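Participant: Let chain A serve as the given structure and place chain B on it in line with the hints.
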Amino acid sequence: MNFLTKYFSWLAGGLALALALSFALPSGKTRSFDAAGFGTLPILEGGRVKPLDSVARNALLVIHSRQGFRHENRTIGPDEWLLDVLFRPQVADQQPIFVIDDLDVLGLIGAKQTKARNYFSFTELGPHLDEIQKQAATAQPIAPQKRSRFQSAVINLFDRVYLYYKLRNTLQLAGSPGLGWELQSLGTSDANLRHQDLIQLAHFRILPPAAGAPPEAWQSVGQGLAAANTGGPLHPGLVPLARLNAAYVANNPAAFNQALADLNGVVNALKPDALGQAGREVVFNRAQPFFVGMIIFLAAFMAAALSWVYKPEVLRPTAYALLFSGAIVHTLGLAARIILQGRPPVTNLYSSAVFVGWGVVILGLIVEKMYRKGFGTAMASIFGFASLIVAQHLGEAGDTMEMMRAVLDSNFWLATHVVTITIGYSGTFLAGAIAIAYGVRKHVVAVPDVETDRVLADMAYGIICFALFFSFVGTVLGGIWADQSWGRFWGWDPKENGALLIVLWNAIILHARLIGFVRDRGIMVMALFGNIITALSWFGVNMLGVGLHSYGFMDEAFWALTAFCASQVILMGICYAPPRFWLPRHDSHA
Amino acid sequence: MIKPLALQTWKFLKSIQFTIVLLALLMALVLLCTLAQVEMGTAGAVNAYMRSFIVWRQFTGLPFPLPVFPGAALVGLFLTINLVAKTLDIPRTLAKSGLLLVHVGLVVLFAGEFVAGMMQVDTNMSIEVGQTVNYVQSYKNFELAVIDVTDPTWDEVYSIPDTALSRGGAIAIPGTPLTVNVKKYFANAELSNLPAGQTSPATAGIGPGVLVVEQPTVTAESEMNQASAFVEPTAGGRSYGVWLASAAIGAPQAFTHEGHTYQLAMRLRRFYLPYAFTLKQFRHDVYPGTDIPKNFSSLVQVVNPSQKENREVLIYMNQPLRYEGKTFYQASFGKNDTLSVLSVVENPGWLLPYVSCVLVSIGLLVHFAIVLRRSLKRRQDKKEA
Numbered sequence: 001m002n003f004l005t006k007y008f009s010w011l012a013g014g015l016a017l018a019l020a021l022s023f024a025l026p027s028g029k030t031r032s033f034d035a036a037g038f039g040t041l042p043i044l045e046g047g048r049v050k051p052l053d054s055v056a057r058n059a060l061l062v063i064h065s066r067q068g069f070r071h072e073n074r075t076i077g078p079d080e081w082l083l084d085v086l087f088r089p090q091v092a093d094q095q096p097i098f099v100i101d102d103l104d105v106l107g108l109i110g111a112k113q114t115k116a117r118n119y120f121s122f123t124e125l126g127p128h129l130d131e132i133q134k135q136a137a138t139a140q141p142i143a144p145q146k147r148s149r150f151q152s153a154v155i156n157l158f159d160r161v162y163l164y165y166k167l168r169n170t171l172q173l174a175g176s177p178g179l180g181w182e183l184q185s186l187g188t189s190d191a192n193l194r195h196q197d198l199i200q201l202a203h204f205r206i207l208p209p210a211a212g213a214p215p216e217a218w219q220s221v222g223q224g225l226a227a228a229n230t231g232g233p234l235h236p237g238l239v240p241l242a243r244l245n246a247a248y249v250a251n252n253p254a255a256f257n258q259a260l261a262d263l264n265g266v267v268n269a270l271k272p273d274a275l276g277q278a279g280r281e282v283v284f285n286r287a288q289p290f291f292v293g294m295i296i297f298l299a300a301f302m303a304a305a306l307s308w309v310y311k312p313e314v315l316r317p318t319a320y321a322l323l324f325s326g327a328i329v330h331t332l333g334l335a336a337r338i339i340l341q342g343r344p345p346v347t348n349l350y351s352s353a354v355f356v357g358w359g360v361v362i363l364g365l366i367v368e369k370m371y372r373k374g375f376g377t378a379m380a381s382i383f384g385f386a387s388l389i390v391a392q393h394l395g396e397a398g399d400t401m402e403m404m405r406a407v408l409d410s411n412f413w414l415a416t417h418v419v420t421i422t423i424g425y426s427g428t429f430l431a432g433a434i435a436i437a438y439g440v441r442k443h444v445v446a447v448p449d450v451e452t453d454r455v456l457a458d459m460a461y462g463i464i465c466f467a468l469f470f471s472f473v474g475t476v477l478g479g480i481w482a483d484q485s486w487g488r489f490w491g492w493d494p495k496e497n498g499a500l501l502i503v504l505w506n507a508i509i510l511h512a513r514l515i516g517f518v519r520d521r522g523i524m525v526m527a528l529f530g531n532i533i534t535a536l537s538w539f540g541v542n543m544l545g546v547g548l549h550s551y552g553f554m555d556e557a558f559w560a561l562t563a564f565c566a567s568q569v570i571l572m573g574i575c576y577a578p579p580r581f582w583l584p585r586h587d588s589h590a
Numbered sequence: 001m002i003k004p005l006a007l008q009t010w011k012f013l014k015s016i017q018f019t020i021v022l023l024a025l026l027m028a029l030v031l032l033c034t035l036a037q038v039e040m041g042t043a044g045a046v047n048a049y050m051r052s053f054i055v056w057r058q059f060t061g062l063p064f065p066l067p068v069f070p071g072a073a074l075v076g077l078f079l080t081i082n083l084v085a086k087t088l089d090i091p092r093t094l095a096k097s098g099l100l101l102v103h104v105g106l107v108v109l110f111a112g113e114f115v116a117g118m119m120q121v122d123t124n125m126s127i128e129v130g131q132t133v134n135y136v137q138s139y140k141n142f143e144l145a146v147i148d149v150t151d152p153t154w155d156e157v158y159s160i161p162d163t164a165l166s167r168g169g170a171i172a173i174p175g176t177p178l179t180v181n182v183k184k185y186f187a188n189a190e191l192s193n194l195p196a197g198q199t200s201p202a203t204a205g206i207g208p209g210v211l212v213v214e215q216p217t218v219t220a221e222s223e224m225n226q227a228s229a230f231v232e233p234t235a236g237g238r239s240y241g242v243w244l245a246s247a248a249i250g251a252p253q254a255f256t257h258e259g260h261t262y263q264l265a266m267r268l269r270r271f272y273l274p275y276a277f278t279l280k281q282f283r284h285d286v287y288p289g290t291d292i293p294k295n296f297s298s299l300v301q302v303v304n305p306s307q308k309e310n311r312e313v314l315i316y317m318n319q320p321l322r323y324e325g326k327t328f329y330q331a332s333f334g335k336n337d338t339l340s341v342l343s344v345v346e347n348p349g350w351l352l353p354y355v356s357c358v359l360v361s362i363g364l365l366v367h368f369a370i371v372l373r374r375s376l377k378r379r380q381d382k383k384e385a
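These protein sequences, in sequence, are chains A and B.
Sequential numbering from 1 applies to the first sequence in my numbering.
Sequential numbering from 1 applies to the second sequence in my numbering.
Chain B with its partners taken away, still in its complex shape:
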């Protein structure tokens, strides 16, 4: 009883009828996602339609959203099963070799998108001309950095990611005698001068004069959260007061414990690299007599002590630098053309679409050549008959 049913299901899953239904569903989703971008922005529409298993919709008058359509993640999952099953089924003969290549290529393409979706990490690197930077930073995530600045030649950085901050409580910092007690964390907040008569939870630094009002978090690409927290560093049973750390505060705040000076800073999360980039020159060329940008380029000195590498690289539009598993792209600029922003992408599957493109192109060419030859032969036979 079970076996025939399973067999039936398997037969259905790999049928071409099912392929057609899935492709049609995918078309509908792509169209809906495109139209939704006008209202929701690209990221919102992609999350609602393409990265979800079910498309939900909130109807007015109903307290909860209703599922209205299968999401592209679900369709993609079935399409992958369908594709893999069908690919396994294609007879391994010369006549079908083109089709086999095409479908293997598609499997590789799907795998590439899956790897990108699961494992791609997007960060960026802002460098001013002359500056040396040895970290990339997150676009959205924050960290509370505790920096030991005692040694003038070397900063020792300890950091607490925003995920840990939002849980709150006491967080011991390994390698130091410090423990940071997170009193309150705001994923997004607005800071203003504290009106007379009100008091702040903060007791040290600039915090006591600042009013912190929690704000809803923002997700649009153009907007920035201002993460803020009241934290109390303690060491050796002694409190150093409650401090306000916020992404909206530029100036460093510091306290001293047993001869070590520690700075507190809320900042975009940084990932340190075993190498450093120095921006030697940034160019922003326009066509003569116009504002049309002709070229953006950053001339970067790459210094990697572990590889004993020290060389210049020019990063420009359509010409990224692939280095140590990361790819650095010329993305933006600022401060009167003295600041260059490189977007940094780490995607272990970046090569898969290239492989897929080659496989599918060859496969389609082979297959259509076979079909054309067969059709010409048929016409020839007809003529002779």
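If we strip away everything but chain A, and leave its shape as in the complex, we get:
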């Protein structure tokens, strides 16, 4: 073994971490404008202070389902896009960012499906806005789970168009000469009407609370203008903001950067902690730890898969090192969310996916250390990858750090019930993943290897015990939380039932094993069915749209879930079938 093979795994792990770090570094200026600096400005939106960069990324995710796009042979990032929407709507309106997939909606705006994805600019949608609004208004009163696919799609399009419309009328009324003109026109006859429009349409509040005002009293530009219009003092942020606006429109980077520095000064004087907080969130946004983690997990899985056929002595440690690096990035990302939000790790469906993946990865690392067969690495990395993909899709709904509704606003219960039950999901999934490895491996290897099968069965059994513990405790803690907030321990609510199903199923597996009802193969098939139950209770119950827990209704994920369940049924069959069942049996008489 030469030097390179010996340290190859370390090198791979280090490279993965370097990749993660490279994402976190700031990018250069956009056309000499400090767009990134603009993105770091703190504002109030959705009940919390966040950087403009987060507004830009979330809005682009909602509207475009990506955080950036290519237009006229240039990649346009979220900060630059937001600058154009806010200050040069005539430019932003031309950019084809509205993705429309639904054929009926395409028909509604008189377009034909030409490519895999169809993008439209605000200008192109312009002639159809009345019709879109009319259709959406008709569909709106219908309960979400009763809407037809077209109705859901047209409401979705309307919401995205409205979000864009609000953004372009937040800092200035689109089509007006700008904020500077607004300041000069204070006191004129129709200024008040324009201020009311600006207040109505503001998507975020950019003016920090003035000295002496309550700490939550952020103001929108419209509110600031209206206050000044009625004889109040002019908010100190308005003048630099107007200069920023003018400089961006006049394509004057130097003046823009100077105005931005002045605006930062105002924020620093009024709300000193907001700038730092926003800055930290921008670093988190840029680093995209869960996206990078996803790539690293995929690399780890490929290395692990390759290790079974090629150079296992090099590739197996490499896969482990990559999984370890991915786990570090994933953990840092989770920690960053906990710090930024000031909440336990799981607060919504999105973060539950991130956390379940994390749990599987950490468990996989431990299992691999104990048994050293490469299966822990392979299964943990592929499940880590899959869960982050799921998380990415869930994150397209907008801000993933939204504020918690009153009933959920309890860090104690979020930290105990939600975290334990989610670890229970992780355990059940990892047991299912090991079962997949067992089932596939059985047919792939030429010579049966009883010892490895035993080890895999031991692993699965241990993990099921672990999962039973966490899902049971998590379920009972959930009951106690319900007793604390709704006055009943158990109400047969769909989410509660889902959790109960996982507990019952794991209990059945353990009892069946106890009396010898099932052996290794049976446990594996049952563990695979655990995947279906967990997926259904995690996502399926949200699709029913009933009960106290249905905070996150989803409609598009239905087919993905069905496909997942079908795949698990097939894998159960594969796992149950005799080894290499497709080969003719020569030795059947022996």
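Derived by calculation from the structure, the hints in this document are not laboratory data.
Everything numeric in this text was worked out from a predicted model, so none of it was measured.
Glycine included, C-beta positions come from ideal geometry on N, C-alpha and C.
Do not take every clue at face value.
Computed spacing ranges between beta-carbons, pair by pair [said to hold, decoys possible]:
id, chain 1, residue 1, chain 2, residue 2, range
1, B, L13, A, F581, 21 to 29 angstroms
2, B, T203, A, I142, 46 to 54 angstroms
3, B, L314, A, P253, 41 to 49 angstroms
4, A, M370, B, Q319, 56 to 64 angstroms
5, A, K369, B, P91, 29 to 37 angstroms
6, A, H393, B, E39, 48 to 56 angstroms
7, B, T153, A, A137, 44 to 52 angstroms
8, B, L314, A, Q94, 50 to 58 angstroms
9, B, P91, A, A305, 40 to 48 angstroms
Coverage of chain B stretches by chain A, computed from C-beta distances (three or more under 8 angstroms per stretch; other residues unrestricted) [to be verified]:
id, segment
10, 111-120
11, 128-139
12, 195-206
13, 237-249
Facilitator: Frame of chain A, contents of chain B only:
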């Protein structure tokens, strides 16, 4: 002959095979109940699948429903027998101590659900800001209240529950010379103006001008029955006329007998408390710039003369007040944030799930630790061998 059979049955009842069958049945029921909630609502599905011994199903073309599945009550009963029998069987050794704890904890959990199912009483208390309330009221049940309002500082309340009203007939009210003759009781009715040419059974109060049409009773959580009745109060051999009392009538109706003025009112059944709550403040906070509720809270003055208690309590989300065997939760609000609704639960077994959670957690930890230690030891022995 009998003895071996009984022994056989007992052996079957406590077998793990039976446990597995019961757990699987329970899983199926939980799944069916969850899916049925889309159509039937939570309460309907729970009653059909979880609180019943047999799940019935009405097939089209058949005049009667057929039993299609054992209900969760039956499964739960057998599971309890199975669990208790098995728990008694677990050897009391250190090696099995974890398992024993787990199963004792489960027995406690089942007991808790049983106590809740049998004994839990759900009521609520609506208070407006500044108002003092010394009763909780039922969500669904009604009563005919006869209130002696003669003393301006003190109302004497006599009430007839809806169960007695539905039986009808003459009901003497203890402590008063009154007897109320229930002419007709409607569990749910719709009231409208009496069309010209029709007559009402009522002869006094606003009843003579009202048409009462019986309606089927409603059970959904969002709907309310409007209980109504024609009643004839008599005292000292004298009738005071036939009155219409209805939950749909807001204004009080009164008559006077021997210097005592009595009001008649059909209302949600009230249970008076030996203490009173005054709502000092209700808060409904939202996150700035959004409609997302951040907090609901009621600042309540609790006055309990028997305990010489007079103190302020803040009741908010996830922070109920447990007081004198009842638990008061912040449940709802109304009237432009000046009305707070507290749901009130009385469940003598509320502590049992907490005890169970602790027992089962410790039990599972102990058991898995024992198993892990054994497995590690086995691997160690293998290595040494």
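Participant: Each hint needs a verdict: does it hold in this structure or not?
Facilitator: We went through each hint and held it up to the structure:
{"no.": "1", "hint": "L13/B with F581/A: 21 to 29 angstroms", "in the structure": "40 angstroms, violated"}
{"no.": "2", "hint": "T203/B with I142/A: 46 to 54 angstroms", "in the structure": "49 angstroms, holds"}
{"no.": "3", "hint": "L314/B with P253/A: 41 to 49 angstroms", "in the structure": "54 angstroms, violated"}
{"no.": "4", "hint": "M370/A with Q319/B: 56 to 64 angstroms", "in the structure": "43 angstroms, violated"}
{"no.": "5", "hint": "K369/A with P91/B: 29 to 37 angstroms", "in the structure": "35 angstroms, holds"}
{"no.": "6", "hint": "H393/A with E39/B: 48 to 56 angstroms", "in the structure": "29 angstroms, violated"}
{"no.": "7", "hint": "T153/B with A137/A: 44 to 52 angstroms", "in the structure": "56 angstroms, violated"}
{"no.": "8", "hint": "L314/B with Q94/A: 50 to 58 angstroms", "in the structure": "55 angstroms, holds"}
{"no.": "9", "hint": "P91/B with A305/A: 40 to 48 angstroms", "in the structure": "47 angstroms, holds"}
{"no.": "10", "hint": "111-120", "in the structure": "holds (count 4)"}
{"no.": "11", "hint": "128-139", "in the structure": "violated (count 0)"}
{"no.": "12", "hint": "195-206", "in the structure": "violated (count 0)"}
{"no.": "13", "hint": "237-249", "in the structure": "violated (count 0)"}
In summary, the numbered hints that this structure violates are 1, 3, 4, 6, 7, 11, 12, 13.
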